[in-house]
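Construct the entire structure; sequences and hints are all you get.
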Amino acid sequence: MSDNSIVCRCSDLTLEDIRKLIKKGYTTFDEIKRMNRAGMGPCQGRTCMPIILKEISIITGKPISEIAPGTYRPPVKAITLGQIVETSEGGGNEHD
Amino acid sequence: MKQVEILVVGGGPAGLCAAINAAQAGAKVLILERDEKLGGQLIKQTHMFFGSEKQHASVRGIDIARILLDRIHELENIEILVNATVLAIYDDGVVNGEIDGKYVKIKPQKIIVSTGASEKTLAFPNNDLPGIYGAGAVQTLMNVYGVKPGNSVLMLGAGNIGLIVSYQLMQAGVKVKAILDAAPKIGGYLVHASKVRRMGVPIYTGYTVKEAHGNDSLERVTIVELDENWNQVDGTEMDFDVDVLCISVGLSPLGELLWQAGCEMKYVGQLGGFVPVRTEMLETTVEGIFIAGDVCGVEEATSAMVEGYLAGLAAAESLGYEMENLEERRKDYLNQLESLRSGHMGDSIRLGLDKVTVRSEVVKT
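Quick mapping for you: the protein sequence lines, in order, are chains A and B. Per my numbering, residue 1 is the first one in the first sequence, and the count goes up by one each step. Per my numbering, residue 97 is the first one in the second sequence, and the count goes up by one each step.
Think of the hints as simulated: they come from the structure by calculation, not from any bench. In this text, a Cβ means the ideal position worked out from N, Cα and C, and glycines have one as well. Errors might be hidden in some of the hints.
[Stated by the list, open to error] Here are the in silico distance ranges between beta carbons for each label pair:
| # | chain 1 | residue 1 | chain 2 | residue 2 | range |
| --- | --- | --- | --- | --- | --- |
| 1 | A | K23 | B | A233 | 29 to 37 Å |
| 2 | B | D159 | A | K23 | 49 to 57 Å |
| 3 | B | K271 | A | E86 | 49 to 57 Å |
| 4 | B | E324 | A | E31 | 46 to 54 Å |
| 5 | B | Y300 | A | D12 | 26 to 34 Å |
| 6 | A | K23 | B | V287 | 40 to 48 Å |
| 7 | B | A279 | A | P74 | 20 to 28 Å |
| 8 | A | I58 | B | T318 | 20 to 28 Å |
| 9 | B | E383 | A | K20 | 19 to 27 Å |
[Stated by the list, open to error] With a Cα cut of at most 25 Å, we get these calculated SDA-like pairs of lysine to any residue:
| # | chain 1 | residue 1 | chain 2 | residue 2 |
| --- | --- | --- | --- | --- |
| 10 | B | K451 | A | E55 |
| 11 | A | K62 | B | P245 |
| 12 | B | K98 | A | K62 |
| 13 | B | K281 | B | T301 |
| 14 | B | K98 | A | R73 |
| 15 | A | K77 | B | G448 |
| 16 | B | K98 | A | A78 |
| 17 | B | K198 | A | Q83 |
| 18 | A | K54 | B | E324 |
| 19 | B | K362 | A | Y72 |
| 20 | A | K54 | B | G448 |
| 21 | B | K198 | A | R73 |
| 22 | B | K306 | A | E55 |
The structure is reproduced here in structure tokens:
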């Protein structure tokens, strides 16, 4: 079956793309993210991560509880540099 | 930097109840809500709730939201900001948010995280066709904005959300062709399932979506039976001509802020994914960060409200506010939770909670 099942909607990655990487030995979410940007789009992994962790678990035989879900870093959604600059210039609160 | 005593992240059922109890104890509370309206999922629920009278049984979800909001507006020490997304909790306790498009820094003394959960989805061929929705999106379209999502629907998922949304679709005049679920049994309450069955909607258990079809948008869905090892059984395919496929395959707790803050997290399948380790009073392993609602583990709005009340008490107490009958009220909330999680429907929730709850000897239910 030609597999165009979308796993990561932000970066247009298919189930096949993800499975190929896992079979090559990329068996944590962070490794996959570094290879193809899964989880780095606007949804920040909220859509793709549960599916990717499940695929890793099926292929490696490891339970999901033992697979690292990756590192969560701020911010949880995109903001512009302009917004940050505006706050530090106008708010005068960057030193408190 | 904005200083607050208690910051509540998320103004859904859990967050609202947490704010009410914390503010009644005397604390100054700030609620930040990402949406333009408070109430979370409650404002989409047109059905009557279960539980006991204390938990507004027999009242429709949308009316429960009104009751809670009335109480919120009576309390002068609650500040509410909508269109306000919390972006980060740093380890020095500073919180960043985007409020009405502005980047804001906040320094709360205590934080109650009630961010809820996000919808899970499934990978199958052509799952990116327009017309394929999460059940939450369908509810938002119909019940918040009054927009019909399509004309005929196939519902994937026979849990409570799948069953309730199917019923709401029919109330809105949309044809629901069938409900399917990969599990061998219907996951939701039988009272909801029998209601849609009586209205002539077949429920196929042990089935999943094999493939979606369509050119510019969804036209047809092929489903297939699963064997006991979850493998698709060839030759069992069935086709449904639908313009909407509604996916309701569970929720995943939204714990990213807790990860950032350094809370200990554990994967608990019964609770929907990674959830924080917590005390019975709902404090995480990071002192001063409390949790309530689906972020603790996916359940339903009633237990989320009770958890909110409990976390509100705990956060106010940790600031030194004195409350009358504190121990009695706590016991009452814990008993309510125990009763909501009793019976076989609560089996897996109880099992899951045992894995992440650090029980103290001080409070006995």
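| Which numbered hints fail | Per hint list: 4, 7, 9, 11, 12, 15 violated.
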